[in-house]
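**Q** Next come the chains, spelled out residue by residue.
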Amino acid sequence: MVEQVRKLLEKRVESPAELENLRQSIAGKRDTSRTCISVCGGTACRAAGAEAVVDAFVDEIERRELQVQVEMKETGCPGFCERGPLVVIRPSKIFYQQVKPEDVPEIIAETVLGGRVVDRLLYVDPSTQEKVTYEPDVPFYKKQTQNILGANREIDPTNIEDYIASGGYSALSKVLTGMKPQEIVDEVKKSGLRGRGGGGFPTGKKWQSCLDAESNIKYVICNADEGDPGAFQDRALLEGNPHSVLEGMIIGAFAIGSHQGYIYVRNEYPLAVKHARIAIEQAMDYGLLGENILGSGFDFTVTIIRGGGAFVCGESSALMASLEGKIGEPKAKYVHMSEKGLWDSPSLLNNVKTWANVPLIINKGADWYSKIGTAGSKGTMIFSLVGNIKNTGLVEVPMGITLREMIFDIGGGIPNGKKFKAVQTGGPSGGCIPEKFLDTPVDFDELTKLGSMMGSGGMIVMDEDTCMVDVAKYFIEFLKGESCGKCTPCREGINRMSEILSRITQGKGKPEDLDTLEDLAGILSAGALCALGQTAANPVMSTLKYFRDEYIAHIEQKKCPAGVCRELIQYSIDPEQCVGCLRCLRACPTGAITGEKKEPHTLNQGLCIKCGACYDVCKFNAVVRQ
Amino acid sequence: MAKVWIDGETSIEVEAADGVNAFNLTVDDKQIIVSAGQTILEAVQRVDGIGNIPALCNHPAVKPYGACRICTVEVSEDGGDKFKFVASCLYPVKEGLIVRTDTEKIRKLRGGIIELMLARCPNVKRIQELAEEYGVDKPRFVLGDQDCILCGLCVRACQEIMGKSAISLVNRGIYREVAAPFYAYELTEECIGCGDCAFVCPTGAIEMGDDGRPVLPRVKIPYAEVEAMMKKETAATS
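So the sequence lines, in the order shown, correspond to chains H and Y.
Reminder that position 104 of the first sequence reads as 104 in the working numbering, one-by-one numbering, no gaps.
Quick note, the working numbering runs 626 ahead of the 1-based positions in the second sequence.
It should be emphasised that the hints constitute simulated quantities derived from the structure, not laboratory data.
Even for Gly, the Cβ is constructed at its ideal location relative to N, Cα and C.
Keep in mind that a hint or two might mislead.
To be verified - Covered, in the sense of this in silico footprint (three residues per stretch, anywhere, with C-beta under 8 Å from a C-beta of chain H), are these stretches of chain Y:
#1 704–714
#2 742–752
#3 757–768
#4 799–806
As the list claims (entries may be wrong) - Quick list of the computed label-pair ranges, beta carbon to beta carbon:
#5 Y:D707 <-> H:N21: 54 to 60 Å
#6 Y:K858 <-> H:K598: 55 to 61 Å
#7 H:I217 <-> Y:I787: 26 to 32 Å
#8 Y:N797 <-> H:S502: 17 to 23 Å
#9 H:I217 <-> Y:A810: 33 to 39 Å
#10 Y:K857 <-> H:K619: 53 to 59 Å
#11 H:N159 <-> Y:T860: 38 to 44 Å
#12 Y:G770 <-> H:E599: 33 to 39 Å
Stated by the list, open to error - Derived list of chain H stretches under chain Y, where covered just means 3 residues or more per stretch with a C-beta under 8 Å from a C-beta of chain Y:
#13 155–162
#14 264–272
#15 322–332
#16 484–494
The following block holds chain H by itself, in its conformation from the complex (with noise of 0.2 Å):
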């Protein structure tokens, strides 16, 4: 127990000299030229296997007795979820994707031992079908700037020495050591960081109420409650690099004077939770956190909030009433949350990417962040790029990337030869913006202009296969079930677009449904308490916007011209074109195909549930869908 004690003592950090020590002796410790396997820990991957493939390569090490020469790790999400699981082979940065277990004994064999490059493991340049050998020459990375993400790929999110090796707790070190809290909210100021959660609050501004707000108890929260549908770049950080989350906690909490903090994460996020609860443990240990922070005198602790699910507590002030053990429910913020929030102490909320910003910028300067950007919007934004894309995964660009760029040249275009119909950015609450605007740079204002927004940061790319009346319903139908239900228009006003949304995608619309539409709208973005009821229209207004004459054919014509609305379709096989190979009428679950083999089948109307077996597993377009 003693020794325990004194052992726990031994790690404690008492000074930023002593920080600068460490870093070196760390560094010393490290052989560069040492072999490193690296996995991807990340949730994809393990959810494609890559906790076994870790396995594999544990036990291979063992039996070939290689623990000296070969260092094994497992770190945190670079981006590439599309082909996980990903290894990397440093320092040659051999980039390896899709491995399975039964492929370690090769690579360790071949690439590790041999100094060879297994072909077949190696990423295949759709557009120029050539290999691609080393991780940086990875189309999909080479044109990002991974500021943030960059260190997921190199750090062990388990291990604080990886981050410190890597330069981590330096800007804490910094403004431990001479920068006034003024100082630290004008550099902030300076950066043009806006929040990077939804709203788009310019956060210096949101730390100098903070600051200036007078009270002897003062919080610090960091909003990892991420929600939207597809989005899943604050689990990635939280998950890959948390020590980069805590640092600019520290740091906001020590300029606006702040002696507790809290991480508010999804319970359904398991893994941020253990790596977020993991680094605040080492962090507590290396002094970095708990009394006396590097012996500057500064006390901060943190303490993770697990949430229990609902959406709505994305919002800062569900958030801090769920925080409180209140039920989640958003409240007026006519007095600003930095001012009265939780507790009705000023708190300072952030989310995950703002918190990882800001080391960043203390460490380059604003100046250098500044630069990155367009002149609303500074820095990099993360994105989580999905739907009908060839490279699905995390993507993180300087603001002012076009929607073109980061779709067709990072995302690689739509797959299976199909059209580019829309994306939809901002999470639930953005819009759909078509192709035209694909050109538009992407940052907070150009997208609240198309009627979307920027949100977290979900974007998500839909194919001409798409109904963008049956999307529009689909984040209806969504928030519908995440209300909360306290005001009347996000309760009432929701429920009834959803009404009317059905009836239209089941060939009921009428006309005047377009301008009750219109008019709950209204209603929404102005009466609702909080702004995701202000904003849900956003994903109805935007379609109907640009794409009205898909509203127009369900509602007039009663057909879906993408022919995705079951009761506005109608399969039928074509006797021309079918040869009567059977396989749509073994696929059919309702037996409403029906025919012999080498003779044209046909197909039973009343019998068909409209599933689209047929269809997908038609070779000679003998299925028409209508």
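Keeping the supplied structure of chain H fixed, place chain Y upon it in accordance with the hints.
**A** Chain Y only, in chain H's frame:
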């Protein structure tokens, strides 16, 4: 000296307030002087004949909540350049605030909210009256048959005034309803039968029963009932 209105008809000439404990407010083009630390709704309601702000989820006995949203007004903090919609029951009075309580935009917004309420509760007299005032004749939506508009006054009265929590708002979104906490089958002994909930209810959805306890609006998903049924079924099969 400034012209200050003390009710809808009468104005007097007094020194303008200098903003320590009192603020100058302009409500529908009439200047009034109000004490600090109150909301727009409170301030306006204290001056007879000034402004027109209906409110359903507000009651002087409990803290403002901002759920019904029909008290929404337009305010300008910059002398009339920019106006925004705010809930007057929550917005604190400030020096120089310009408030508009009855513009075309506001009437349209309130009319829309009332249409939604009327569609939910077509038989509630208070809502019908408001619908008439705001020119809503027939909602464009499928009519419901509820009496409760979920303003939460009953729950707040029970908690804030009585210090009890015998009733609660359960579930979320459109499934939200007033019920015994955790959908208990009936009110527990926590309910002391004070009748506060029935008294503050703006729609008459809660009435006092013969047993001296409130009768709550009918609950749509009574878990307790399902549980009881399941128990009965298990008992029958075993």
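**Q** Evaluate each hint against the coordinates.
**A** Each hint tested on the structure:
Residues of the region 704–714 of chain Y lying with their CB closer than 8 Å to a CB of chain H number 3, which satisfies the three-residue condition for coverage. Using a Cβ-Cβ cut-off of 8 Å, 4 residues of the region 742–752 of chain Y lie near chain H, which meets the minimum of three, so the contact claim holds. By the rule of at least three residues with a Cβ nearer than 8 Å to a Cβ of chain H, the coverage given for the region 757–768 of chain Y holds, with 3 such residues. A stretch counts as covered by a chain when three or more of its residues have a beta carbon under 8 Å from one of that chain; for the region 799–806 of chain Y and chain H the count is 4, and the coverage holds.
At roughly 58 Å, the beta carbons of Y:D707 and H:N21 sit within the given window of 54 to 60 Å. Between Y:K858 and H:K598 the beta carbons are some 60 Å apart, a value that agrees with the proposed interval 55 to 61 Å. Hint check: H:I217 to Y:I787, Cβ distance near 28 Å, so the stated range 26 to 32 Å holds. Our hint of 17 to 23 Å for Y:N797 and H:S502 holds, since their Cβ atoms are close to 21 Å apart.
A hinted range of 33 to 39 Å holds for the C-beta pair H:I217 and Y:A810, which are about 37 Å apart. Taken as a hint, the range 53 to 59 Å holds for the pair Y:K857 and H:K619, whose Cβ atoms sit roughly 55 Å apart. The hinted range of 38 to 44 Å is not satisfied by H:N159 and Y:T860, whose Cβ atoms lie roughly 52 Å apart. At roughly 54 Å, the beta carbons of Y:G770 and H:E599 sit outside the given window of 33 to 39 Å.
Taking a C-beta to C-beta cut-off of 8 Å, the region 155–162 of chain H contributes 0 residues in contact with chain Y, too few for the three needed, and the coverage statement is violated. Remark: the region 264–272 of chain H is not confirmed as covered by chain Y, as 0 of its residues place a Cβ nearer than 8 Å to a Cβ of that chain, below the required three. As drawn, the region 322–332 of chain H meets chain Y at 3 residues by the rule of a beta-carbon pair under 8 Å; at three or more, the given contact holds. Note: the region 484–494 of chain H has 10 residues with beta-carbon separation from chain Y under 8 Å; the three-residue rule is met and the coverage holds.
Against the hints set out earlier in the document, violations occur for numbers 11, 12, 13 and 14.
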